[in-house]
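There are 2 protein chains.
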Amino acid sequence: MWPRKDLIELLGIAHPIIQAPMAGSTTPAIVAAVSNAGGLGSLGCARDTGQSLRERAGEIRRATNKPYNLNFFVHKNPPPDPDGVARMARRLKPYYDELGLSEASEPKQIYPDFDDSIVDALLELRPPIVSFHYGMPDADAVAALKKAGSVIISSATTAEEARWLEDAGADAIIAQGYEAGGHRGTREPNTDTGLGGIALIPQVADAVKVPVIAAGGIADGRGIAAAFALGASGVQIGTAFLSTPESGINPLYRNALLRGADMGTALTRTISGRMARGLRNRFIEEMRAYEDESLAFPLQYGLTGPLQVASAKKGSDEMLAMWAGQAVAFNRAMPAGELLETLVEETRAVLAGL
Amino acid sequence: MWPRKDLIELLGIAHPIIQAPMAGSTTPAIVAAVSNAGGLGSLGCARDTGQSLRERAGEIRRATNKPYNLNFFVHKNPPPDPDGVARMARRLKPYYDELGLSEASEPKQIYPDFDDSIVDALLELRPPIVSFHYGMPDADAVAALKKAGSVIISSATTAEEARWLEDAGADAIIAQGYEAGGHRGTREPNTDTGLGGIALIPQVADAVKVPVIAAGGIADGRGIAAAFALGASGVQIGTAFLSTPESGINPLYRNALLRGADMGTALTRTISGRMARGLRNRFIEEMRAYEDESLAFPLQYGLTGPLQVASAKKGSDEMLAMWAGQAVAFNRAMPAGELLETLVEETRAVLAGL
Numbered sequence: 001m002w003p004r005k006d007l008i009e010l011l012g013i014a015h016p017i018i019q020a021p022m023a024g025s026t027t028p029a030i031v032a033a034v035s036n037a038g039g040l041g042s043l044g045c046a047r048d049t050g051q052s053l054r055e056r057a058g059e060i061r062r063a064t065n066k067p068y069n070l071n072f073f074v075h076k077n078p079p080p081d082p083d084g085v086a087r088m089a090r091r092l093k094p095y096y097d098e099l100g101l102s103e104a105s106e107p108k109q110i111y112p113d114f115d116d117s118i119v120d121a122l123l124e125l126r127p128p129i130v131s132f133h134y135g136m137p138d139a140d141a142v143a144a145l146k147k148a149g150s151v152i153i154s155s156a157t158t159a160e161e162a163r164w165l166e167d168a169g170a171d172a173i174i175a176q177g178y179e180a181g182g183h184r185g186t187r188e189p190n191t192d193t194g195l196g197g198i199a200l201i202p203q204v205a206d207a208v209k210v211p212v213i214a215a216g217g218i219a220d221g222r223g224i225a226a227a228f229a230l231g232a233s234g235v236q237i238g239t240a241f242l243s244t245p246e247s248g249i250n251p252l253y254r255n256a257l258l259r260g261a262d263m264g265t266a267l268t269r270t271i272s273g274r275m276a277r278g279l280r281n282r283f284i285e286e287m288r289a290y291e292d293e294s295l296a297f298p299l300q301y302g303l304t305g306p307l308q309v310a311s312a313k314k315g316s317d318e319m320l321a322m323w324a325g326q327a328v329a330f331n332r333a334m335p336a337g338e339l340l341e342t343l344v345e346e347t348r349a350v351l352a353g354l
Numbered sequence: 001m002w003p004r005k006d007l008i009e010l011l012g013i014a015h016p017i018i019q020a021p022m023a024g025s026t027t028p029a030i031v032a033a034v035s036n037a038g039g040l041g042s043l044g045c046a047r048d049t050g051q052s053l054r055e056r057a058g059e060i061r062r063a064t065n066k067p068y069n070l071n072f073f074v075h076k077n078p079p080p081d082p083d084g085v086a087r088m089a090r091r092l093k094p095y096y097d098e099l100g101l102s103e104a105s106e107p108k109q110i111y112p113d114f115d116d117s118i119v120d121a122l123l124e125l126r127p128p129i130v131s132f133h134y135g136m137p138d139a140d141a142v143a144a145l146k147k148a149g150s151v152i153i154s155s156a157t158t159a160e161e162a163r164w165l166e167d168a169g170a171d172a173i174i175a176q177g178y179e180a181g182g183h184r185g186t187r188e189p190n191t192d193t194g195l196g197g198i199a200l201i202p203q204v205a206d207a208v209k210v211p212v213i214a215a216g217g218i219a220d221g222r223g224i225a226a227a228f229a230l231g232a233s234g235v236q237i238g239t240a241f242l243s244t245p246e247s248g249i250n251p252l253y254r255n256a257l258l259r260g261a262d263m264g265t266a267l268t269r270t271i272s273g274r275m276a277r278g279l280r281n282r283f284i285e286e287m288r289a290y291e292d293e294s295l296a297f298p299l300q301y302g303l304t305g306p307l308q309v310a311s312a313k314k315g316s317d318e319m320l321a322m323w324a325g326q327a328v329a330f331n332r333a334m335p336a337g338e339l340l341e342t343l344v345e346e347t348r349a350v351l352a353g354l
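Sequence order for the protein chains is P and V. Per the working numbering, the very first residue in the first sequence carries number 1; after that it's consecutive. Per the working numbering, the very first residue in the second sequence carries number 1; after that it's consecutive.
Calculated from the structure, these hints are not laboratory results. Hints may be right or wrong, so weigh each one.
It does not matter which identical chain is meant; a pair holds if it fits inside one copy or across any two.
[Claimed, not checked] Below are the DMTMM-like pairs computed for lysine to aspartate or glutamate, each with C-alpha atoms no more than 25 Å apart in a straight line: (1) K146 <-> D120; (2) K5 <-> E346; (3) K146 <-> E59; (4) K209 <-> D262; (5) K66 <-> E338; (6) K146 <-> E346; (7) K313 <-> E341; (8) K313 <-> E106; (9) K147 <-> D171; (10) K108 <-> E246; (11) K5 <-> D115; (12) K209 <-> E346; (13) K76 <-> D192; (14) K314 <-> E98; (15) K93 <-> E318; (16) K93 <-> D115.
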C-alpha cells in the first residue's frame with residue numbers, strides 16, 4: 001500500500017518525496033534533478049522578485065518537464081523600527097568590529113513582501129505547485145492561483161493551524177515537526193508549541209481531509225516509513241538535500257553539515273527574527289541570551305546578513321546562518337536524483353521488514 | 001516481522017509495549033494489569049524507601065506472575081542551599097499566600113537518594129526488570145543487580161548517552177524523544193538537545209547493539225508502528241496510561257488530561273528543578289520567566305510540593321504538577337489491560353495497511 005495514492009495523484013509525481021524549498025540554498029538545478037527522478041523539487045523563492053522568479057522558473061522548465069514547486073513566505077515586512085535597529089546594532093557591534101564592518105545604519109530588506117507583483121508572476125508562470133510558509137495568501141489570491149491550475153500547499157505546526165489552512169484552501173498540508181531545520185512555519189510568530197513529528201503527524205492527519213506531508217527530522221527510509229505509519233501520504237525532506245552537489249550552499253556550510261552530529265542544532269530568533277533551526281555555531285550560542293531582543297522578522301536578518309557575508313568571506317562558519325534539522329547526522333553527499341532514488345529503495349526495504 | 005523478537009525475549013513479555021514508570025502516578029494495580037495483558041508494567045519508585053519498595057513489589061507479585069519493572073532516578077540530593085531556598089521561597093510567596101500556606105523554611109526531601117538501601121532491597125526482591133533515569137548506578141551495583149537476575153534498562157536523549165549507557169551495562173535502551181511527558185532523562189541536568197523521536201530513534205538504533213525502546217509522543221498504533229519503522233524494538237508509553245482507572249492520579253489531573261489538546265504541554269524546571277514536560281497550567285505559565293532561578297533537583301520540588309497539595313485540596317489544577325507528553329490529545333479512558341490490547345490491535349492494523 002506504499003505509496004498512498006492521494007498525494008502522488010494530486011501532485012502528478014511518481015514518489016511522494018518533496019525536496020524542501022530552502023530559500024538561499026535551493027537552485028533550479030536541484031529542483032529539476034529531484035523532479036526528473038520522480039520526486040517533487042521545490043525552489044525557495046522568499047528572496048525573489050517577480051522578475052527573478054520568471055528567470056528561475058524558466059530555468060527549471062528548460063531542465064525538466066515534470067511538476068515542480070515554488071515556495072513563498074506569506075509575510076509583509078514590518079514597519080521601520082529605528083530604535084530597535086539602533087539597539088540591535090549596538091548588540092551586534094562587537095561582531096561587526098571583529099569582521100571589520102562599519103556599523104549598519106539601515107538594514108537591507110532580505111525578503112520582499114509577498115504581494116501582488118509575486119501573485120501576478122505566479123498567475124503568468126502557472127507553476128504546477130505553489131507552497132507557502134506562515135499561513136496562506138488572501139482568499140482572492142488563493143482562488144486565482146487555483147484557477148490558474150496551481151496546487152496549493154502550506155505548513156502547519158499544530159492540528160489547529162492545519163484546520164485553518166484546509167479552510168483557507170490548501171490542497172495538501174505539511175505537518176512540520178519540531179525537528180525541522182529552517183524557519184518554523186507557525187502562522188503567527190512566537191506561538192510555537194514545539195510538537196515533535198511523532199505527536200504532530202497523527203494529530204494533523206486526524207484534523208484534516210486533505211493529504212498530509214510529514215516534515216522534520218526525516219532523512220532516510222526509516223523516517224519515511226515512519227511518516228506513513230503516522231498517517232502522512234508523503235514527506236518533505238530538506239537538510240538531506242543540502243549535501244547534494246546541486247544545492248546552492250557555500251563550502252563552509254557544506255563542510256559544517258558533515259559535522260552536524262557533533263555541532264547539533266538549535267532554534268533561534270536571533271538570525272532572522274523568526275524562530276528557525278540551524279547548526280549550533282558561535283553566533284547562535286553567544287546570542288542565546290538575547291533571543292528576546294530580536295527584531296521582527298525579517299528585520300533582524302537585515303542586520304545579521306552582513307555578518308554572514310563577511311564571515312563567509314573570512315572563511316569562517318562562526319557567524320553563518322546554517323539551517324539544518326535534527327536528522328543532520330544522516331546527511332550523505334550524493335547527487336540529488338540518486339538521493340531520491342536511494343530514499344525510495346530504503347523505504348521499500350523498511351516497509352518490507354515490518 | 002512484528003514484533004521484533006530481541007526485546008520481547010529479553011524481557012519475557014508477549015507484546016513489546018512498556019507502560020512507563022511515572023513516580024507518583026503508577027500503582028501496583030496498573031503494573032499488574034499491564035503485565036497480565038502481556039505488556040510490561042512499570043512502577044515509578046523514585047519516592048520509595050527500601051521498606052515501601054518491599055511492600056509495593058509484594059503487591060505486584062501477588063497480582064501477577066508476569067515480569068514487571070521497577071524504576072528509579074539515579075540521583076543524590078544536592079547539598080543544602082539556604083540562600084537559594086530563601087530566594088525561591090520569596091518568589092513563591094504569592095502562591096503560598098494565595099493558598100493560605102505559611103512560608104516554607106525547610107523544603108521536604110521529595111525523592112530520597114538512590115543509595116545502598118535501595119540496591120539492597122532490589123537484590124533481595126530480584127525484580128525481573130529494573131530501569132533507570134538520569135544515567136546508571138555505579139558499576140558494582142549494576143553487576144550485582146545483573147547477577148541477581150534483573151534486566152537493566154536506562155534512558156537516553158542522544159546517541160552519545162545511548163553509547164554511554166550500553167558501555168555501563170544497559171541491556172536495552174529507551175530513546176526518549178522531546179515529545180515525552182515527565183522528566184527529561186538527560187544524564188546531566190541542563191544538557192538537553194531536544195531531539196524529537198523521528199530524529200532520535202534511528203540515531204540511537206545506529207549507535208548501540210542492544211534493543212532500543214522508543215518513548216515520547218506515542219499513544220496509539222500509528223506511533224508504535226512508526227517506532228518500529230525507525231528501528232525500535234518496542235515502545236514505552238506513559239501519558240496514555242494515566243487515563244486508565246488503575247493509575248494513581250487525582251481527579252483534577254485526570255480531568256485536565258481530557259483537556260490536554262487545548263491546554264498543551266510545556267517543559268519546565270520550575271516544578272522539580274529538572275526539565276520535565278507537563279500540562280501548561282497557571283503555575284507553568286507564570287513561572288516561565290523564572291526558569292533559571294529554579295533550585296537544583298529535587299530541592300525545587302520540596303518548595304513546590306506544598307503548593308501542589310494545597311491546590312489539589314482547594315479543588316484547583318492551577319498549581320498541580322500534571323506531567324504529560326505531546327500526544328496527550330489521544331488519551332482515552334479505558335482499563336489498562338484493555339488499552340494494552342487495543343494498542344496491539346491498532347499496531348497490527350497500521351502495519352497491515354502499509
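Now the hints, each set against the structure:
no., hint, result
1, K146 <-> D120, "within (13 Å within a copy, 70 Å between copies)"
2, K5 <-> E346, "both (19 Å within a copy, 22 Å between copies)"
3, K146 <-> E59, "within (23 Å within a copy, 64 Å between copies)"
4, K209 <-> D262, "between (40 Å within a copy, 21 Å between copies)"
5, K66 <-> E338, "within (17 Å within a copy, 49 Å between copies)"
6, K146 <-> E346, "neither (34 Å within a copy, 38 Å between copies)"
7, K313 <-> E341, "neither (35 Å within a copy, 60 Å between copies)"
8, K313 <-> E106, "within (21 Å within a copy, 58 Å between copies)"
9, K147 <-> D171, "within (13 Å within a copy, 59 Å between copies)"
10, K108 <-> E246, "neither (28 Å within a copy, 60 Å between copies)"
11, K5 <-> D115, "neither (34 Å within a copy, 57 Å between copies)"
12, K209 <-> E346, "between (28 Å within a copy, 21 Å between copies)"
13, K76 <-> D192, "within (20 Å within a copy, 35 Å between copies)"
14, K314 <-> E98, "within (11 Å within a copy, 58 Å between copies)"
15, K93 <-> E318, "within (16 Å within a copy, 44 Å between copies)"
16, K93 <-> D115, "neither (33 Å within a copy, 52 Å between copies)"
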